[in-house]
Structures are given as structure tokens and as C-alpha cells.
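*Asks:* Fit chain P to the given chain C structure using the hints.
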Amino acid sequence: SQKIEQNSEALNIQEGKTATLTCNYTNYSPAYLQWYRQDPGRGPVFLLLIRENEKEKRKERLKVTFDTTLKQSLFHITASQPADSATYLCALDEDTDKLIFGTGTRLQVFP
Amino acid sequence: NAGVTQTPKFQVLKTGQSMTLQCAQDMNHNSMYWYRQDPGMGLRLIYYSASEGTTDKGEVPNGYNVSRLNKREFSLRLESAAPSQTSVYFCASGSGLGKLFFGSGTQLSVL
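Line by line, the protein sequences are chains C and P.
Residues in the first sequence are numbered from 33 upward in steps of one, following this note's numbering.
Residues in the second sequence are numbered from 76 upward in steps of one, following this note's numbering.
Chain P on its own, in the form it takes in the complex:
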């Protein structure tokens, strides 16, 4: 099993450019999450989806949009990237029993 797969692993953007981070899980989990991780700030929740067809804001949703395309896939879109969005992004999925499985992360730099 692949678990949680994120693409791309690395990305460099210029300010104002847009991009979509892709995430897919093969564990038939209902819940999926997007976090960002910055030095000294820990993991901060951007958006989450408790089930297919639903999405909710987390702690830091501004500047991001998400799509729960189906049960497997949950994408994160930056419409107009800003340097403050330079971070490591993690996707995760969970079965609803609390335990989360994380992808390997996307390192994003916005110049």
C-alpha cells in the first residue's frame, strides 16, 4: 500500500503564481487534512474534509482553497502565491478514530 501520496515534493513559485498540491490516499479513509509546518510554529491546520463532499476551514485558511474530488483525493490550491506561504505542506488522512497517516510533504518556496 502506498498510504498517502503527495505531489510534487518540491516547488518554487514566483509571487502571484498559482498552483495545486495533490494528495491521494488508498486506505479508504473518510477524513483528509492539509497542514503547513513552519519553524517554531508546529503543524497548523489549513483545511480539512470529514467526508467526501464536505470541507471545513482550519486555523490558517486564508489564501488557500481545497477540493475533495472524491473519497481518495484532496487537493490544495494557492490562487495567488505569497512569500508568507513558503512552508512545508503535509496532507494526512484518518479513519475517524483519531489516528492520522501523513504524506511525505511538499516543500514550497515562494519568491
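Same shape as in the complex, but just chain C:
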């Protein structure tokens, strides 16, 4: 079966450290992979998109890597802050215009 896996356990880190979240997938050949942030009681908000021919993408303190051989994406937040605490979701295109999401990983950044 097709699956997108994210660590269901919360990730707790200290302020200032780098947070690394993992997204693994099986049986897909996505053209791109995306990361979203979701705060409690709110809808997800788009952060970054990386295409299959890109190895790495950066935006401010965020960095995403995409390894189509390993079928894995890593999402990094450098110099993390308590305001980065949220659930982070990865998503990929199962088909044109059809976006499928992982279960999300909750990040908690402690002062």
C-alpha cells in the first residue's frame, strides 16, 4: 500500500538547537514534496516545496532536502525558537492536483 510516514512521537528540543523532522514515503513517485505548518485549531500553512530534481531548498531558517532514491525528505529548522512549536506535515502529489499528507510530527521548542 502507499504510505507517507512521519514520526508520530513529539520532538522536544531546546531553543537555539536545530530541529530535524523526517518524512518517508513508499510506492509513490512524486514530482514534488511539500512541508506545511499547523497550529492548534488552525488550518495548515504552506512552508516549502521541493521538486524531484532538487536536492535542497532553503528559506530563512528552514531547509528541506529530498532524496528520491531513499524516498525521504528531511525538514530542518535552525536556531529554533519557542514560536516554532507546532505540528509539521509533509505532503506529496499522488497524482496531478491530488495532494496526500503524512500524519505530522509535533515539535516543541523549550526556552
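The set of hints was computed from the structure by calculation and includes no laboratory data.
Note that the Cβ used here is the ideal one computed from N, Cα and C, for glycine as well.
One or more of the hints may lead you astray.
One side of the interface only, derived from the structure: several residues of chain P facing chain C at Cβ under 7 Å [said to hold, decoys possible]: (1) Gly78; (2) Phe85; (3) Ser106; (4) Gly117; (5) Leu118; (6) Ala125; (7) Lys174; (8) Phe177; (9) Gly178; (10) Gly180; (11) Ser184.
*Replies:* Chain P in isolation, oriented as in the chain C frame:
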């Protein structure tokens, strides 16, 4: 700009009742989506519409119907609500470049 607007924000139904969740976007996007989000299950795609006049099933379409009324509006109907449909429902729209914009969600309880 309002972005993606969903109504209602909260709803309580009795088993067997019907209701329609409304969604409208003002970004002139072609694609629109309905997801449900349950604890531990992540976002699951119910139905999507790649363009006005077309709709397609997602991962969990059973018990739901949709209407793409025009380019702006995409409604989700529960004909006979069941307790298993208790969830948070999110509408989203996209321009076809991958990035989705989400509404603030509808919390539905079916008793």
C-alpha cells in the same frame, strides 16, 4: 483578501441528519479540496476538484458527496451523518503549482 472561507465553524448533528459544508475561495484557483483530520490519522483527502465542472474521489469518499458550484465554491455534503464522520474538515484551494491554501476548518460532531 479573505482567502479560503469555510462555514460553519462548528456543527453538531444527530445520526442520520444531513448537512452541507460550504467553502469559497477568492484567489481564482482552479483546484479545490476537502480533507478530514482525525487524531493520529493526519489529513485524509475526501474529494477534490481539479477544475470547475470536475470532481474526483480521494482516499475516503464514502458517505460524502461534493459539488463544484462554480470556480469559487466547492461544497461537501453528508447525506446521512454517522458517528464515524465526527472530525475536523478542512477545505483548501490551489493554483496547480502544488501549494495549497487552507480554510480554518469545521469541527463536526455526530451524536
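*Asks:* Are the hints correct? Go through all of them and say.
*Replies:* Results for each hint:
no., hint, verdict
1, Gly78, "violated, 10 Å"
2, Phe85, "violated, 11 Å"
3, Ser106, "holds, 5 Å"
4, Gly117, "holds, 4 Å"
5, Leu118, "holds, 4 Å"
6, Ala125, "holds, 4 Å"
7, Lys174, "holds, 5 Å"
8, Phe177, "holds, 3 Å"
9, Gly178, "holds, 6 Å"
10, Gly180, "holds, 6 Å"
11, Ser184, "violated, 15 Å"
Of the numbered hints listed earlier, those contradicted by the structure are 1, 2, 11.
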